[in-house]
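Quick note on numbering: this note's numbering labels position 151 of the sequence shown as 151, and the sequence is numbered without any gaps.
A portion of the hints provided could be inaccurate.
Computed cross-link-like contacts, EDC-like style, restricted to lysine to aspartate or glutamate with a CA-CA straight-line distance of at most 16 Å [unchecked claim]:
1. 146 x 102
2. 72 x 155
3. 149 x 176
4. 146 x 176
5. 140 x 102
6. 193 x 176
7. 99 x 112
8. 90 x 223
9. 114 x 155
If you anchor each label on the Cβ, the simulated ranges turn out as follows [claimed, not checked]:
10. 42 x 180: 27 to 37 Å
11. 219 x 176: 40 to 50 Å
12. 154 x 53: 16 to 26 Å
13. 94 x 190: 19 to 29 Å
14. 121 x 49: 40 to 50 Å
15. 43 x 146: 47 to 57 Å
If you're looking for bench data, these hints aren't it; they were derived computationally from the structure.
The beta-carbon is built from N, C-alpha and C at its ideal position, and this holds for glycine as well.
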Amino acid sequence: MYICQIFKCALKSLVYYQLIIHSHRPYVQDMINKIRALDIQMIAPSHGYILRANVQRYINVYDEMSSPRKNKKAAILFSTMTGNTTKIAKGIAAVLEKKAIETRIINVDNADLKAVLGVIRESDMVFFGSSTRYADMVGKMELVLKELKHMDLEEKFAVAFGSYGWSGEAVEVIQDYLRGTNIKVVDSSYIIKTTGMSHLQIPIRIKFTPDGQEENVLYPEVEAIGDLLLG
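Using the sequences provided together with the hints, build the complete structure.
If you want it as structure tokens, here you go:
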């Protein structure tokens, strides 16, 4: 009977985690890090079972389930006119690399198209960026985007970004191309639906340049995107 009760408790905890807690795993990790040094003898939640034995085992289970998945790859592809979009790309990479996500930054104007498509195939998430000129993208970004409809991208994520001086239409044009494929397009709506966070502005659109503070400006959005990939 006791073993049966333990099994039921573990099963209910797992189901509860998957249904409710999983989307908030970064906060789970944050709280676990705060209690690691504490000698916890009992867990008494506001509802559910009170745990008086083997407490650390349950903490370890939550720690394991909420830990980021490893070996994820992200590609950051962009076209630029004055270098502002390059700065955004580097800022995105800095945030992702702190999460141990392997990143590659490619200026598609200086790269072979077949090589770029190969990088997309190898990546779990792809950022597509362009500055805006005459309400459109610049450089070779459109050539890359036109090839996506011929690829199977169902298991991948995509994010649009860019720099602009007036209204930043290039980012929306990128979004339109991405929605014409089977890739998962990450925007504010997608983040709200998957995490409940409503304060983030995605796609990433920055007027002119982040002025040397690329990582700080981009951090909240890119951190959430990175957690989505690692989830």
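Checklist entry - Which hint numbers does the structure go against, in order from smallest to largest? => result The structure breaks hints 1, 5, 6, 7, 9, 10, 11, 12; every other hint is satisfied.
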